[in-house]
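Student: Full structure from sequences and hints, please.
Line by line, the protein sequences are chains A and B.
Each residue of the first sequence is one higher than the one before, starting from 31 at the first, in our numbering.
Each residue of the second sequence is one higher than the one before, starting from 31 at the first, in our numbering.
Check before you lean on any hint, since a few could be wrong.
Pairs count within a copy or across copies, as identical chains cannot be separated in the list.
To be verified - Derived pair list, reagent style DSS-like, types lysine-lysine, alpha-carbon separation capped at 27 Å:
hint, residue 1, residue 2
1, Lys499, Lys484
2, Lys70, Lys127
3, Lys61, Lys327
4, Lys413, Lys319
5, Lys216, Lys484
6, Lys496, Lys216
7, Lys426, Lys296
8, Lys422, Lys496
9, Lys358, Lys426
10, Lys426, Lys484
11, Lys290, Lys327
12, Lys326, Lys425
13, Lys127, Lys370
14, Lys502, Lys426
15, Lys345, Lys499
16, Lys436, Lys70
17, Lys484, Lys422
18, Lys460, Lys319
19, Lys436, Lys127
20, Lys371, Lys91
Think of the hints as simulated: they come from the structure by calculation, not from any bench.
There are 2 protein chains.
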Amino acid sequence: MSRVFTSQANKLIGKSAVFSGWAQTVRRMGKLVFINLRDKDGLLQITCSPDIEKTYETARKVRPEFVIQVKGKIVERDQKNINPDMATGKVEVSVEKLTIISESETPPFEIVNEERQASEEIRLQYRYLDLRHERMKQNLVVRHQAIHFIRNYLNNEGFIEIQTPILSKSTPEGARDYLVPSRIHKGKFFALPQSPQQYKQLLMVAGFERYFQIAPCFRDEAARADRSPGEFYQIDIEMAFVEQEDILKLSENLFSAMIKEVFPNKKIPQTPWPRLTHAEVMKKYGTDKPDLRKDKKDKDELAFAWIIDFPLFTKQSQEDYFHGSGNKLAPSHHMFTAPKKEDIPLLESSPEQVRAYQHDLVLNGFEVGGGSIRIHQPEIQNKVFDIIGFSKDQKKQFRHLMTAFKYGVPPHGGIAPGVERILMAIMGEKSVKEIMAFPMTGEARDPMMGAPSKVAPAQLRELGIKIDKEDK
Amino acid sequence: MSRVFTSQANKLIGKSAVFSGWAQTVRRMGKLVFINLRDKDGLLQITCSPDIEKTYETARKVRPEFVIQVKGKIVERDQKNINPDMATGKVEVSVEKLTIISESETPPFEIVNEERQASEEIRLQYRYLDLRHERMKQNLVVRHQAIHFIRNYLNNEGFIEIQTPILSKSTPEGARDYLVPSRIHKGKFFALPQSPQQYKQLLMVAGFERYFQIAPCFRDEAARADRSPGEFYQIDIEMAFVEQEDILKLSENLFSAMIKEVFPNKKIPQTPWPRLTHAEVMKKYGTDKPDLRKDKKDKDELAFAWIIDFPLFTKQSQEDYFHGSGNKLAPSHHMFTAPKKEDIPLLESSPEQVRAYQHDLVLNGFEVGGGSIRIHQPEIQNKVFDIIGFSKDQKKQFRHLMTAFKYGVPPHGGIAPGVERILMAIMGEKSVKEIMAFPMTGEARDPMMGAPSKVAPAQLRELGIKIDKEDK
Chain A
31 MSRVFTSQAN KLIGKSAVFS GWAQTVRRMG KLVFINLRDK DGLLQITCSP
81 DIEKTYETAR KVRPEFVIQV KGKIVERDQK NINPDMATGK VEVSVEKLTI
131 ISESETPPFE IVNEERQASE EIRLQYRYLD LRHERMKQNL VVRHQAIHFI
181 RNYLNNEGFI EIQTPILSKS TPEGARDYLV PSRIHKGKFF ALPQSPQQYK
231 QLLMVAGFER YFQIAPCFRD EAARADRSPG EFYQIDIEMA FVEQEDILKL
281 SENLFSAMIK EVFPNKKIPQ TPWPRLTHAE VMKKYGTDKP DLRKDKKDKD
331 ELAFAWIIDF PLFTKQSQED YFHGSGNKLA PSHHMFTAPK KEDIPLLESS
381 PEQVRAYQHD LVLNGFEVGG GSIRIHQPEI QNKVFDIIGF SKDQKKQFRH
431 LMTAFKYGVP PHGGIAPGVE RILMAIMGEK SVKEIMAFPM TGEARDPMMG
481 APSKVAPAQL RELGIKIDKE DK
Chain B
31 MSRVFTSQAN KLIGKSAVFS GWAQTVRRMG KLVFINLRDK DGLLQITCSP
81 DIEKTYETAR KVRPEFVIQV KGKIVERDQK NINPDMATGK VEVSVEKLTI
131 ISESETPPFE IVNEERQASE EIRLQYRYLD LRHERMKQNL VVRHQAIHFI
181 RNYLNNEGFI EIQTPILSKS TPEGARDYLV PSRIHKGKFF ALPQSPQQYK
231 QLLMVAGFER YFQIAPCFRD EAARADRSPG EFYQIDIEMA FVEQEDILKL
281 SENLFSAMIK EVFPNKKIPQ TPWPRLTHAE VMKKYGTDKP DLRKDKKDKD
331 ELAFAWIIDF PLFTKQSQED YFHGSGNKLA PSHHMFTAPK KEDIPLLESS
381 PEQVRAYQHD LVLNGFEVGG GSIRIHQPEI QNKVFDIIGF SKDQKKQFRH
431 LMTAFKYGVP PHGGIAPGVE RILMAIMGEK SVKEIMAFPM TGEARDPMMG
481 APSKVAPAQL RELGIKIDKE DK
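Tutor: Spelled out as structure tokens, the structure:
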């Protein structure tokens, strides 16, 4: 007899079946043992009576989180025992055979009652137990559903997904790179991409006019509520022969459709999404990510807005960590963002007044995605490099892009909403970590695996590197 | 007037439309200029006559690979000018307005005639031009279609896709790790995962009974025809409460359905796929990846086979680079593979005779995927660690897994076919590089980006590392 899932129980009344899963709770009532069996789909009550002697003996040994297999008959519960809070609350399994597959020690925190769970450190150390909580499981299921919907939507719109390299090159793009020493070319390093920015632009040059990728991105930055240290995922979209309007429309249609399908309870009161210029929003709200909800207590309200007409340049700050740039100005979005056509003449005379074809997507006060029309004229790209103070050597690091632009480059642009960020904002979670399977702590550690860790001296020798400074 | 794609031209006879793309070829015949315009969907002939003076002047300036926009009327070609080799060969565009969007220097190799293309070095250096070749474009489109089909299939079977960390921990798993120095924890390193092996097993402990991921994997190994140096993608599938039979059936159904949909011309002559034991296949073919095609000249024949009953252990070799293990025996698959139930007693007395629940998927003489039922009993896992000669310290590196197994672990197993490998074998390509957007050379370099590269001394200082040995 092959196994069925708890979600199928309601349709199997009167039949015998095999179920497998975890004992979520074990209760004894009189002579009966009741176990709530949990599998990937949900819960199901199983009842062991002393009439089936050997099974009853085994059932009495079961403790919470034991893995068990049960064979039994699915029967309707008595009217008074119906549990309306449980999807399978009208039925139960009358057990004929129960097998303990594997035992469990007492978990470091409760699985049933999430309120009683532990510190972040302990949750992450035992993440495989933390993920057993219904809310955490649902978060990952919903993350899958949202991404899956987005992939199908973009595929139907003629986009193709292309995986770009993760072992890439270090370029001064606005955040710290993670470096990877090369064993074969000692003294040289790969870098993990801060985003697939240059690759997607090169794919536009290659003629893939509609690209997307659920792309891993890496920034060695301090943790924030809306950014986990280390890695995060981006819904990376790029199109050729488009204007800003096309990108905004596609994004608005995509996310509206996704929310309707995956989050049917959520409401987007204002459509089309309001568009506010940067100047306007700063003046009116004093921030470029205003929370435009009508009722901030309504947890189902999603107030999207577009912020446009950003200044192309901003004052360089330490926090930006725009290493490489030597001038007072740094790109507001990134150095590949195109100036508005009518402002190009100002690049020479007053660059700080130039506005950009940049668009930020804001949701309930969070910036959940940004994008732009890109520069496709080598001379303008070069001008921008000059304005942000790039040296000859620094410019050289982008030679591949400048060379590519000599062989027929289409106008192009895109957007890259953050997977965890937009889901965090939609779901009202407090941190992006709640939507990741195995996030790091705020101090960029994984307490479960014990990463980062010391490595064997032989490994470093092979890579031709040495530890220069070591933390305790 | 908004832009339409060349694929729509056949349906627009008699209408005016705007097309954008690259000038693939430019010919002058008498007083007319003919341009084959290429966009993401294909080619379309446009005809410029001297009657429209200004446009004609512009058209005479167009050279191959210029990016242009044309507005014109779609008309039927004269009977004698119909091109049956072209999807749009019955129509052409009579141009009213032509604009040059960006110019192109003469490319380093021909885009039209792929036979005349250059060395691998030059192809990869100008990959954005190499990808303009019809074959290369199609390879990436088909890769997308295959992966997209697989995702939908698995989603419909109740699997969810979960992204596991890329900044992970170095453990002795059979190949060289890429290391990533930690800035915050100086002297310590992350490692890029050789596969999500441990994470997916932990997800089974967490109760996600049906997991998959199109997962990036990283191995610092020498290049082979069927493995590009650096990174590759795996169709990573793991299930709880299953036996080997379930995994084989799911895989066979999945890939049969994918091939039927994405590669309708391909034939799988033998179904169900033959299953051969390792002993049998070695005796009969002298290899564990036999090419079972009936007609090796038939480029559409796909001869799949399962190889099972591998020995659990194999002699340790230098090539395996199983660093960490100190004994004569190394795992044949990996150290988490379960011994066959009936062979468990042999673990103590004659481990070399123990057979494993390992399954390799072979296609036309290539190993395209491997998997196994995993060990879920801590005492057996510990025994395997002992047999391969792990020290106490080495065992400690897997403590998270051994701890997890104390809290209710379900039996589980899976398979992980290589994306590039299986597509290479199906498509009959000579190298996995032909199915990747931006592969590295055999010497693990990216000539386009110039990676790996030297980095700023300040970057190394921040990471607390020093270059010890430098190649010229």
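Student: So which of the earlier hints does this model not fit?
Tutor: Checked against the structure, the hints that fail are numbers 3, 4, 7, 12, 15, while the rest are satisfied.
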